[in-house]
Each structure stands twice: as structure tokens, then as C-alpha cells.
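> Let the hints inform the model, and build the full structure from the sequences given.
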Amino acid sequence: MSEAVSHDSHHDDHGPAKGLTRWLFTTNHKDIGTLYLIFSLIMFFTGGAMALIIRAELFQPGLQFVDPHFFNQLTTMHALLMVFGAVMPAFVGLANWLLPMMIGAPDMALPRMNNWSFWILPFAFAMLISTLFMQGGGPAGGWTLYPPLVLQTGDAFPFMIFAIHLMGISSIMGSINVIVTILNMRAPGMTLLKMPLFVWTWLITAYLLLAVMPVLAGAVTMLLTDKYFGTSFFLGAGGGDPVLFQHIFWFFGHPEVYIMILPAFGVVSQIIPTFARKPLFGYEAMVYATATIAFLSFIVWAHHMFTSGMPIAGQMFFMFATMLIAIPTAVKVFNWTATMWRGEMTFETPMLFAVAFVILFTIGGFSGLMLAIVPADYQYHDTYFVVAHFHYVLVPGAVFSIMAATYYWLPKWTGKMYNETLGKTHFWLSMIGVNVLFFPQHFLGLAGMPRRIPDYAIQFADFNMVSSIGALIFGFSQLFFVWVIIDCVRNGKQATSQVWEGAEGLEWTLPSPAPYHSFETAPEIK
Amino acid sequence: MFKGLWKPSCATVAVLGLLAVNPALAAWQLDMPVGVTTLSDMIRDLHREILIICTIIAVVLFAVIAYALFAFRKSRNVKAATFSHNTTAEVIWTVIPILILIYMAVPSARGILEIEDAGSPDMTIKVTGYQWKWGYEYLDNGVSFFANLDELSAEAARLDSGIDVRDIKHYLRDVDNRMVVPVGKKVRILLTANDVIHSWWVPQLYIKKDAIPGFINEMWFTATKTGVFRGQCTELCGRGHGYMPIVVEVVSEEDYAAWVIENGGEPSMVSTTEISADSSVAAL
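Line by line, the protein sequences are chains H and V. To convert a position in the first sequence, counted from 1, into the numbering used here, add 365. To convert a position in the second sequence, counted from 1, into the numbering used here, add 489.
Please note that a few of the clues may not be correct.
[What the hints assert, rightly or not] Below 30 Å or equal to it, Euclidean Cα-Cα: the simulated DSSO-like pairs (lysine-lysine) are: (1) Lys-858(H) <-> Lys-563(V); (2) Lys-563(V) <-> Lys-781(H); (3) Lys-559(H) <-> Lys-568(V); (4) Lys-789(H) <-> Lys-563(V); (5) Lys-568(V) <-> Lys-858(H); (6) Lys-891(H) <-> Lys-568(V); (7) Lys-563(V) <-> Lys-559(H); (8) Lys-789(H) <-> Lys-568(V).
No wet-lab data here; the hints were simulated from the structure.
Below, the structure is given as C-alpha cells:
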């Protein structure tokens with residue numbers, strides 16, 4: 366097989382450089398993909414450790430472990446690390462690894478920028494995490510950074526803003542790279558509507574990133590000038606408006622949540638057909654649904670702010686627009702179900718995670734629809750119901766899809782099969798843990814427990830304890846994930862190039878592990 | 490330590506019993522508490538309705554998926570079909586959600602209009618959020634006070650206080666000064682904040698709105714029952730966010746009049762039912 370992809374250029378095929386410089390100076394999409402994925406895993410564990418401290422504190426009423434101010438730092442940092450450090454880089458890592466292989470290209474279009482967009486991240490997050498040790502502690506105003514509260518941050522403030530700028534620059538460079546790669550480097554014959562769905566969802570995601578990261582940069586820059594340079598963009602006393610920040614933030618923030626879920630849709634749309642041994646149902650409908658969701662994501666932002674005192678017309682508009690999102694999302698869920706229908710299914714670990722994604726993401730979708738109903742949202746808003754909602758979308762949603770993707774493509778990346786028993790153990794522990802962790806939070810919210818509190822009234826004690834037990838199960842079962850990966854690299858059996866019986870797509874025509882420069886000669890697409 | 494851990498587990502056994510005894514404050518409470526205002530049933534019904542619709546769709550969808558997972562597995566020697574389109578099915582499962590959404594959108598829109606109709610209130614209270622307490626000013630009769638977390642809770646809430654918070658009645662949900670309002674009167678709340686954004690919420694009153702520094706938000710309720718109803722700040726406002734409870738006591742009109750006098754207010758203004766919105770805004 367490797368002969369089939371050998372090239373006819375004049376220089377010899379050079380492998381990776383040796384040692385640290387390989388990783389520092391690499392311009393190879395696979396090396397950079399690996400860096401992104403490992404970085405993401407480290408952030409996942411760091412943010413996860415913070416979540417475990419949060420859940421430990423909430424295990425019982427009363428304050429046992431942390432000071433309320435540190436608790437607020439933990440919730441803030443947990444969110445920032447998970448959103449910008451774990452989920453987004455994981456998808457960029459997957460994009461790096463997979464896009465060139467899926468479209469029949471040798472590498473990403475802009476390799477040096479690729480290197481830079483990754484290497485910004487460790488510095489950005491080192492700076493962000495270092496704020497925890499500064500005078501006044503880390504940022505404690507929530508990841509939503511609402512002023513005036515966020516302006517009370519101590520020395521950490523400018524570092525946090527600068528870190529967010531760096532993450533934004535990294536994301537913008539990454540998304541430019543994705544767009545240029547997909548639009549210019551597809552193998553001959555691969556028209557847009559022949560691209561695998563993962564490529565499609567990433568193309569749309571990259572446009573979303575490009576559109577909204579500058580908005581976030583603008584918002585945090587205005588925060589910076591409000592704090593240090595005497596402006597009053599968001600300060601009522603100076604003629605500004607704190608709610609203006611919320612509008613700008615959520616104009617970024619809502620597309621941002623789709624940035625974290627659209628590539629997940631792509632991953633699941635690759636995996637389910639493979640293990641159902643049946644083509645994806647409604648490919649074009651899936652593409653259009655993704656594009657529709659992306660468009661709608663720009664006109665629903667204020668549904669995060671129904672209690673901020675919006676005019677009636679505003680509330681109506683954002684309620685109706687938000688409800689509309691249910692339609693393309695429902696189409697997607699039905700299409701995945703129809704893909705499984707009358708298939709020939711087997712349930713290897715990637716498929717287990719993908720099926721769990723479909724079911725649990727749908728639960729998060731339902732609570733999202735409930736949150737759109739404005740009169741009821743007044744009750745749900747800023748309670749644990751919201752916490753349950755977005756964690757259902759992000760953990761058994763986005764994170765499960767990342768795990769599914771890892772198991773699915775790991776044999777292609779490493780050339781070795783992972784241990785199926787270990788993988789399934791990881792799945793079932795995660796599956797049980799995540800539901801015990803997040804489902805009771807719906808009840809807590811409905812009963813009246815606000816989010817972001819370090820201590821609570823006695824009536825919330827029972828479900829909080831259940832939730833914390835779930836957190837413990839879910840958190841520690843992730844060690845299995847690391848174990849599976851290390852075990853795969855060290856002891857895995859040699860994988861075939863096809864890996865999965867039902868797998869289709871260009872990446873499976875490459876040997877396992879895939880060669881350093883994926884496709885040196887573009888494959889022909891019929 | 491283990492004794493403390495054990496208590497809730499015992500509660501597990503008694504879960505149904507507890508739910509039956511006191512639905513509003515029971516442990517293991519599964520749904521919103523029953524409200525005590527003229528609009529609370531409407532809002533709760535909307536919540537129930539969308540919840541039931543979602544549950545029905547979920548049950549049907551998950552049943553289909555479960556059947557597929559069972560029936561179409563390779564180990565049962567099925568042969569994979571090859572279809573990848575079915576226009577009829579796709580149209581049906583696009584149109585049905587649209588119809589359901591329209592069905593939900595109409596009463597929800599009507600609900601917004603009812604909730605936002607804050608006109609002709611019987612009385613107006615200006616509520617101000619501070620880090621970390623609430624200030625109350627009765628604009629019609631001159632009563633004003635602050636409401637802090639009660640001392641028992643405040644002491645027990647400290648890190649390593651050594652006090653079992655389960656022994657404290659209404660832990661973190663009690664204040665030194667309650668907001669007292671008469672039953673059956675339309676109470677308008679003008680909401681603002683002094684420092685950062687707070688949010689005023691009492692679950693059983695079914696109203697929540699942000700208190701924003703420099704701006705005034707408006708909301709209202711008419712309580713249909715007397716009693717004491719508890720809530721707390723719901724917008725992250727810093728270190729003490731979890732420690733600024735709200736306690737509203739709904740009393741009879743006579744008791745309210747007495748309370749106003751007791752607190753140095755003008756009783757004559759209590760019965761004033763025709764305070765126009767303009768005049769009370771001017772009073773600000």
C-alpha cells in the first residue's frame with residue numbers, strides 16, 4: 366500500500382525530525398494534530414480536576430473545602446479551560462489529522478501558520494492558569510465575563526484578556542487554514558457535495574469562528590479600556606450599558622456553542638454509517654441542516670438574556686428564532702436514526718459513544734427547546750437547569766463525539782488497534798457517570814437552585830450528593846481513556862488499512878499508520 | 490462524618506413520602522414548586538406542556554432507536570439495506586416539529602404579554618441589589634430597609650464553622666428583614682443595583698429579573714395566598730453571591746397596614762390603589 370502513495374518528486378521522503386524540535390518546529394498536519402489532541406487532553410484533565418473540586422464542595426451543604434471567592438475562580442476557570450482549552454483544540458486537532466486525509470491532500474494549506482496557531486495555545490493557557498496565583502486570584506466573574514463584576518478582578522484581569530486574545534488569534538488562524546485547505550486542496554473530482562460530512566461541518570464551523578472570534582476580541586478589549594483607560598462602554602455611571610456587553614458577548618457566544626457542536630455532528634455522521642454498514646441517510650439534508658443551524662446561530666443570541674429586561678418585541682423575536690433551531694437539529698437526529706434503521710450494526714467503542722451522543726445530545730436539545738419558552742425561561746434562567754442543559758450538550762455531546770472520534774481513528778493514527786474491552790469499560794463508566802452527574806441537576810434547577818453558588822439550602826442536598834457521586838465516577842473513568850490510548854500505542858495489534866469493515870472514505874485507503882505526507886499524489890474521486 | 494453522609498441515603502428510602510408531605514420544600518423535589526401568584530399557574534402549565542411534549546417525542550424517538558439497536562444488529566444476521574433517502578419521511582419529520590413549535594409559540598407569546606403587563610399597580614417597591622444584600626424601598630409609604638442573610642446562616646456558612654448546617658432552619662434562605670406585601674394586591678417591583686448585576690428571584694412568585702446598575706427593570710406579581718416565600722440572588726455577583734437570600738412574606742391587608750405603621754411608614758398611603766405609573770417613577 367505504501368508504494369501506491371509514494372511520490373515522484375526529486376527529494377527523498379523525509380520523515381519527522383528527531384527529538385523536541387520535531388514538535389516545536391513541525392509543519393506537519395499529523396504532528397500538529399497530535400499536539401492539539403494531547404494539549405486538549407491535558408486541559409480536559411485540568412478543567413476536570415477543577416470540576417471535581419467544585420463537586421466535592423457541593424457534595425454536602427455547608428462550606429467544607431474552598432473559600433467562596435476561590436469557588437468562583439474555579440467555576441470560571443473550569444469553563445474557560447474546557448471551552449477554549451479542551452473542546453475547541455480537540456476539534457482543531459481532529460481537523461488537522463483528518464481533513465487532508467479525507468479530501469486527498471498531502472497536508473494543510475498553510476503549514477507554518479498551523480504551527481503557530483498551535484504553539485500560541487500553551488502560552489495562552491499557561492498565562493491564564495498562572496492568574497490563579499496572582500494578587501486577588503484568578504478571574505472569578507464567570508466565563509461570560511459580565512461587567513461590572515468582571516472589572517472587580519484583581520491583577521489577573523489584563524492577563525486573562527490577553528490570554529483570550531491569544532486564543533482568538535489561534536482560532537482565527539486555525540479556521541483560515543481549514544477554509545483554505547478545504548476550498549483549494551480537494552482531490553480532483555471531490556466536489557463540495559461529495560465531501561465527507563466531517564469536512565462539511567468543519568468548513569461551516571471555520572466560517573463561524575472567523576465571524577465571531579473578532580467580536581469576542583472586541584468585547585474583551587472594551588472591558589480592558591473600561592478598566593484601565595477611563596472608557597465607559599459598559600458602565601452605567603459613565604453613560605454606558607452593562608447589557609451591551611451581554612449582547613456583544615452572546616453574539617460571539619451563541620455561534621461559539623455551535624462551533625463546539627457542529628464538528629461533533631460531523632464526527633457522528635462519519636461513525637454511524639460505518640458501524641451500521643449503510644450510507645448516511647439524507648446527506649444533503651445534513652449539509653443544509655448544518656448550514657441552517659450556523660445561520661440561525663447568529664440571530665438567537667439574546668435568548669441568553671431574557672431576564673435582562675428586553676423589550677417585548679425582542680423577547681418574541683429571540684424566542685421564535687430559537688425555537689426554529691429545533692427543526693434542523695431534529696432533522697439531524699432523525700437522519701442518524703434513519704441511518705441506523707435496517708442497517709447491520711455492530712457496537713465497537715466508537716459506535717457506542719456515537720449512539721450515546723445521539724440520545725444524550727437530544728436530551729440536551731429538548732431542555733434547550735424548553736429554555737426557549739420565555740415565560741418558563743424566567744424560572745429556568747441561571748439555575749442548575751441551565752447547567753444540566755449545556756453540560757448535556759457539551760459533555761455527552763461534544764466530548765463524547767471527541768472520544769468516539771479518538772477510538773474511531775486511533776488505529777489509523779497509530780497503526781495499532783486499541784483494546785476493545787478497555788474501550789467499552791471506559792464507555793459504560795462514562796455513560797453511567799455522566800447521567801448520574803448531570804440528570805439530577807435538572808431537578809435542582811427546577812426546584813430553585815441557582816447556578817454558581819458554593820453552598821446551598823438544605824432542600825437541595827440530596828440531588829447534589831447524587832450529582833457529586835456521578836462526577837466522581839465520570840471523572841475517574843476518564844483515566845481509562847488515557848490507559849486505552851497508552852495501551853494502544855504500546856501493545857496494540859497491527860491495524861489494517863481498512864480498520865473497520867464498513868468504513869468508507871479516503872482516509873481508509875491509506876495504510877495504518879497513515880504516511881507522514883498523507884496523499885502525495887492526489888487520488889481520483891469517481 | 491459518616492453519620493452526616495448517611496442521612497440523605499435514608500432519605501432515599503423515604504423519597505415518595507417526602508414528596509407527598511411537602512411538595513414545595515421537600516428533598517428530592519423533581520419539578521417546579523407550585524406558585525402563589527395570578528400568573529404562576531399559567532407559567533407552570535407552559536413549562537409542563539413543553540416538558541410533556543419533549544417527553545413524548547423522546548419516548549417515541551428513543552423507542553425507535555432502541556428497537557433499531559436491537560433488531561438491526563449484525564449478530565442477528567440481518568443484511569444492511571442501501572437506502573439513503575426517503576422524501577416522504579423527511580417531509581413528515583420536518584413538518585411535524587414545525588407544527589409542534591407553532592402550537593407552543595402561540596401560548597408562550599401570549600404569556601410574555603401577560604407577564605410584561607405591569608400597568609396600574611396597587612403599590613411599588615424599589616429593590617436594589619448590593620454586594621451582598623438587598624435594599625427595599627416602599628415608594629408609596631416611605632418604608633425602607635436592607636435585608637441581610639440571617640446571622641445563624643451567616644455563622645454556619647463560614648468555612649470550617651463546625652456547625653452542622655442541617656440544624657439551621659432555612660439555612661441560607663433566611664433574612665433579618667423580610668419584604669412584606671399584602672395578598673391580592675398588584676405589587677410592582679422596580680429593580681436596580683448599586684454595584685454589579687444581581688438578579689431577584691423567588692421561585693414560588695414565578696418572577697425573575699436582573700438588577701442592573703444604572704438601569705431600572707420592572708416586574709410585578711399579585712400573590713393569591715398568604716405565606717412566606719423564599720428565593721435568592723440568581724446572577725453571579727461575586728464572593729457573596731450565594732449569600733443574599735430573598736424572603737417575601739405575603740400577609741392580609743390589615744396585617745400589612747399594621748406592619749407599615751410598625752416600620753415608620755405612612756399608613757394613609759397604604760390604601761391608595763390608584764398610584765399611576767408616572768407618579769411612582771417620579772418618586773425615584
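> Regarding the pair Lys-858(H) and Lys-563(V), is the alpha-carbon distance no greater than 30 Å?
Between Lys-858(H) and Lys-563(V) the Cα gap is close to 24 Å, so the pair holds against 30 Å.
> Do the alpha carbons of Lys-789(H) and Lys-568(V) lie within 30 Å of each other, as the hint requires?
With a Cα-Cα distance of about 25 Å, the restraint between Lys-789(H) and Lys-568(V) holds, given a limit of 30 Å.
> Under the criterion that the straight-line Cα-Cα distance not exceed 30 Å, is the pair Lys-789(H), Lys-563(V) satisfied?
18 Å, holds
> Decide if the proposed pair is consistent with the structure: Lys-563(V) and Lys-781(H), CA atoms, cutoff 30 Å inclusive.
With a Cα-Cα distance of about 24 Å, the restraint between Lys-563(V) and Lys-781(H) holds, given a limit of 30 Å.
> Assess, step by step, whether the Cα of Lys-891(H) is no farther than 30 Å from the Cα of Lys-568(V), and give holds or violated.
26 Å, holds
> Next pair to validate is Lys-559(H) with Lys-568(V); report whether the Cα-Cα distance is within 30 Å.
26 Å, holds
> For the pair we were handed, Lys-568(V) and Lys-858(H), check the Cα-Cα distance against 30 Å.
29 Å, holds
> Need the status of pair Lys-563(V), Lys-559(H): alpha-carbon distance at most 30 Å?
28 Å, holds
Checked against the numbered hints listed earlier, the structure breaks none of them; every hint is satisfied.
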